[in-house]
Amino acid sequence: MSDPLVSIIIPTYNAEAFLAETLASCFAQDYASIEVIVVDDGSQDGTIAVVESLMAEEPRLQLFRSINQGQCVSRNIGIALSKGEYLKFLDHDDLLTPWSISYQLEALQTFAAGIAIGKPIKCNNQKMRDTYRDLSEHPPAETEPVTLWKGKLVEANRQFSPTPNEMLMRRDPVVSAGGFNRFLATGEEANLMLKIQVRCPDTKLVSTYGKIVVCKRVYEGALSVALRKDTYTSWGLASLIDRAQFILEGNHDIDRHLQEYVF
Numbered sequence: 001m002s003d004p005l006v007s008i009i010i011p012t013y014n015a016e017a018f019l020a021e022t023l024a025s026c027f028a029q030d031y032a033s034i035e036v037i038v039v040d041d042g043s044q045d046g047t048i049a050v051v052e053s054l055m056a057e058e059p060r061l062q063l064f065r066s067i068n069q070g071q072c073v074s075r076n077i078g079i080a081l082s083k084g085e086y087l088k089f090l091d092h093d094d095l096l097t098p099w100s101i102s103y104q105l106e107a108l109q110t111f112a113a114g115i116a117i118g119k120p121i122k123c124n125n126q127k128m129r130d131t132y133r134d135l136s137e138h139p140p141a142e143t144e145p146v147t148l149w150k151g152k153l154v155e156a157n158r159q160f161s162p163t164p165n166e167m168l169m170r171r172d173p174v175v176s177a178g179g180f181n182r183f184l185a186t187g188e189e190a191n192l193m194l195k196i197q198v199r200c201p202d203t204k205l206v207s208t209y210g211k212i213v214v215c216k217r218v219y220e221g222a223l224s225v226a227l228r229k230d231t232y233t234s235w236g237l238a239s240l241i242d243r244a245q246f247i248l249e250g251n252h253d254i255d256r257h258l259q260e261y262v263f
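Residue numbers for the sequence shown follow this note's numbering, beginning at 1 and rising by one.
Be a bit skeptical, because a hint or two may be false.
Unchecked claim - Label pairs and their calculated CB-CB ranges: (1) F64 x S161: 27 to 33 angstroms; (2) K127 x D202: 40 to 46 angstroms; (3) S2 x D202: 23 to 29 angstroms; (4) R133 x I67: 34 to 40 angstroms; (5) R129 x A32: 23 to 29 angstroms; (6) A17 x K83: 27 to 33 angstroms; (7) F183 x P59: 32 to 38 angstroms; (8) K150 x M55: 39 to 45 angstroms; (9) Q109 x K150: 35 to 41 angstroms.
As the list claims (entries may be wrong) - Calculated cross-link-like contacts (lysine-lysine; reagent style BS3-like; alpha-carbon spacing at most 27 angstroms): (10) K122 x K211; (11) K216 x K127; (12) K127 x K152; (13) K204 x K216; (14) K150 x K204; (15) K122 x K216; (16) K127 x K211; (17) K127 x K204; (18) K119 x K152; (19) K211 x K152; (20) K204 x K119; (21) K122 x K83; (22) K83 x K127; (23) K216 x K119; (24) K83 x K119; (25) K119 x K211.
If you are wondering where the hints come from, they were derived from the structure by calculation, not from laboratory data. Note that beta-carbon positions come from the ideal geometry of N, C-alpha and C, so glycine has one too.
Work out the full structure: start from the sequences and follow the hints.
In C-alpha cells:
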C-alpha cells in the first residue's frame, strides 16, 4: 500500500529572497510522497525564475501564475490544483522541519482526525538559518504526547491560535468548507475552522505540540506582521457572508456557531 500523497501549497508574492530555502525545506522532508504547488500572486521580482530553475531538477514541484488577489485566493487555487489526500499550507518565507509532515500525518492517521495543529518556533531573519540547521542536525525529543482535542474546532482555535502553516489537514473537510474566505486578509484560519465545524461537525483535531513543525520567519517586512498591524479586515462582512451561505444550505443553526466564533 502506497503512502498517501500530501500536497504542500505555497502562495508567493515577491519571494525571491526566501523561496529557495522554503522549497528546500519541503524537499528535505523525511516523508517522500509529496507534491509542492507554488501559486504566485503576481510577483514583480525574480520569484518565477527561482521556481522554474528548481522545477528542472524536482518533478514534484509545480508552478501556477495568477494575478494579484491575496493569500487566501492563492491557497484556494492551490487546493483546486492539488491531488493530495492531505493538505499542508506554507508561507513563502517559512521552513518546515524535516519531520513536520511525517509527525503530523502519523497523528492524523492514529486518531482518524481531520486536522493536526503543531508547534511553531519564531526566528528573526538573522537567526533563521542557524535555528533551522540546529534543529535539523539535532532533532529534539518529543516533549509531550499527541493528544486528541475534546472540544470544538472554534474552541481549539481560541486555545492554540494557529496559522495555516502549523496545520496539516485532510483534504475532504477543507474542500467541504469551501476553502479559505477570500475576503479575509488575516484570521482566515479561524474562519476556516468555523466553516469546517458547521459543515463537517464530526471532524476531529489533534494537538501535535511535542515537536516543532515549522520555523516562522519574523521581520519587519513579513506579510503576517504587516497584516496584524493593519486590522481593517471586515470580520463582520465575512460572518454575514458565511451566515447567508449556510442558511441557503438549510443550516439554520449557524447563529449558535457564530456566537462561538466571536472573540
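The hints, checked one at a time:
no. : hint                            : result
1   : F64 x S161: 27 to 33 angstroms  : 30 angstroms, holds
2   : K127 x D202: 40 to 46 angstroms : 42 angstroms, holds
3   : S2 x D202: 23 to 29 angstroms   : 27 angstroms, holds
4   : R133 x I67: 34 to 40 angstroms  : 37 angstroms, holds
5   : R129 x A32: 23 to 29 angstroms  : 24 angstroms, holds
6   : A17 x K83: 27 to 33 angstroms   : 30 angstroms, holds
7   : F183 x P59: 32 to 38 angstroms  : 36 angstroms, holds
8   : K150 x M55: 39 to 45 angstroms  : 44 angstroms, holds
9   : Q109 x K150: 35 to 41 angstroms : 19 angstroms, violated
10  : K122 x K211                     : 14 angstroms, holds
11  : K216 x K127                     : 11 angstroms, holds
12  : K127 x K152                     : 36 angstroms, violated
13  : K204 x K216                     : 26 angstroms, holds
14  : K150 x K204                     : 8 angstroms, holds
15  : K122 x K216                     : 5 angstroms, holds
16  : K127 x K211                     : 19 angstroms, holds
17  : K127 x K204                     : 35 angstroms, violated
18  : K119 x K152                     : 19 angstroms, holds
19  : K211 x K152                     : 23 angstroms, holds
20  : K204 x K119                     : 18 angstroms, holds
21  : K122 x K83                      : 30 angstroms, violated
22  : K83 x K127                      : 35 angstroms, violated
23  : K216 x K119                     : 10 angstroms, holds
24  : K83 x K119                      : 26 angstroms, holds
25  : K119 x K211                     : 6 angstroms, holds
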